[in-house]
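Chains as they are written, first to last, in my numbering: chain A, 15 to 150; chain B, 10 to 98.
FYI, nobody ran anything at the bench for these hints, they're computed from the structure.
The beta carbon of each residue, even a glycine, is placed where N, CA and C say it ideally should be.
Any given hint might turn out to be false.
Stated by the list, open to error - Here are the simulated BS3-like pairs of lysine-lysine, each with C-alpha atoms no more than 30 angstroms apart in a straight line:
#1 K56/A / K123/A
#2 K89/B / K43/A
#3 K123/A / K89/B
#4 K104/A / K123/A
#5 K56/A / K89/B
#6 K56/A / K43/A
#7 K123/A / K43/A
#8 K104/A / K89/B
To be verified - Listed below are several chain B residues computed to face chain A (Cβ distance under 10 angstroms; list not exhaustive):
#9 C15
#10 V17
#11 G20
#12 M26
#13 F31
#14 G36
#15 D38
#16 T48
#17 F76
#18 G80
#19 C88
#20 K89
#21 V96
Claimed, not checked - Now the stretches of chain B that chain A is said to cover, found in silico as 3 or more residues with beta-carbon under 8 angstroms:
#22 40 to 46
#23 49 to 57
#24 67 to 73
#25 81 to 87
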Amino acid sequence: MTFIGELIVSVLILTGTFFLLVGSIGLAKLPDIMRRLHGPTKSTTLGIGATLIGSMLYFAFIGGGLSLHEVLITLFLFLTAPVSAYMIAKAHILRSGSTQASLPATGRKTGWATFHRPVPTGKPAHRDPGTSGKAT
Amino acid sequence: MIAIACAVAFGGIMAAMLLNVFRLVAGPDVLDRVLALDTLVINAIALIVVVGIWYSTAMYFEAALLFAMVGFLSTAAFCKFLLRGNVIE
């Protein structure tokens, strides 16, 4: 394994560690959960992506052939991190009364998708809009 | 050089996991704990990958992939439970 290859893999691993640490510091330090979501969803995803690319290059450099396990994990994490952040934010809006009071108007016929049906229909709703969960 | 980088990465990821455990214990809401657990799983995946590089073995990738799937599924199921009152309707 050449010096350049070792240098590239080491820099990628250390970059990934830096961003993982930054995301976790943001999770521990920021004051509100809506602000805390930024650390794990952006910085930590970048960090794990850099670490996995470093691992892929390492196993390509030592002669094991280019393996696609790391690309699979990277793609999976990059797809699922926004989904989990979206679900956490939605559950937070449903559970927090002060956040609901500060929501701006949507400017449409229906309200926010967490509380109201997305498209108003003539049929009676399966569940009354605005009464889902403990939010009311 | 890679061994030194892996040792530094090991220490850094362990510090990040300690910060996540702090948020997991001290989080005022249950969603803080869900978020901390999600980040803890991501840090555990990074730790598994770094250990795999350190030992120069490709044996740990299945474990990392399983951790990724289980972590996302638990987060999604927990948020779904908090949103709707049950997981599978």
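Do the hints match the structure? See the list:
{"no.": "1", "hint": "K56/A / K123/A", "verdict": "violated, 33 angstroms"}
{"no.": "2", "hint": "K89/B / K43/A", "verdict": "holds, 26 angstroms"}
{"no.": "3", "hint": "K123/A / K89/B", "verdict": "holds, 26 angstroms"}
{"no.": "4", "hint": "K104/A / K123/A", "verdict": "holds, 20 angstroms"}
{"no.": "5", "hint": "K56/A / K89/B", "verdict": "holds, 22 angstroms"}
{"no.": "6", "hint": "K56/A / K43/A", "verdict": "holds, 16 angstroms"}
{"no.": "7", "hint": "K123/A / K43/A", "verdict": "violated, 39 angstroms"}
{"no.": "8", "hint": "K104/A / K89/B", "verdict": "holds, 10 angstroms"}
{"no.": "9", "hint": "C15", "verdict": "holds, 7 angstroms"}
{"no.": "10", "hint": "V17", "verdict": "holds, 6 angstroms"}
{"no.": "11", "hint": "G20", "verdict": "holds, 8 angstroms"}
{"no.": "12", "hint": "M26", "verdict": "holds, 7 angstroms"}
{"no.": "13", "hint": "F31", "verdict": "holds, 5 angstroms"}
{"no.": "14", "hint": "G36", "verdict": "holds, 8 angstroms"}
{"no.": "15", "hint": "D38", "verdict": "holds, 6 angstroms"}
{"no.": "16", "hint": "T48", "verdict": "holds, 4 angstroms"}
{"no.": "17", "hint": "F76", "verdict": "holds, 9 angstroms"}
{"no.": "18", "hint": "G80", "verdict": "holds, 8 angstroms"}
{"no.": "19", "hint": "C88", "verdict": "holds, 4 angstroms"}
{"no.": "20", "hint": "K89", "verdict": "holds, 7 angstroms"}
{"no.": "21", "hint": "V96", "verdict": "violated, 12 angstroms"}
{"no.": "22", "hint": "40 to 46", "verdict": "holds (count 5)"}
{"no.": "23", "hint": "49 to 57", "verdict": "holds (count 4)"}
{"no.": "24", "hint": "67 to 73", "verdict": "holds (count 4)"}
{"no.": "25", "hint": "81 to 87", "verdict": "holds (count 3)"}
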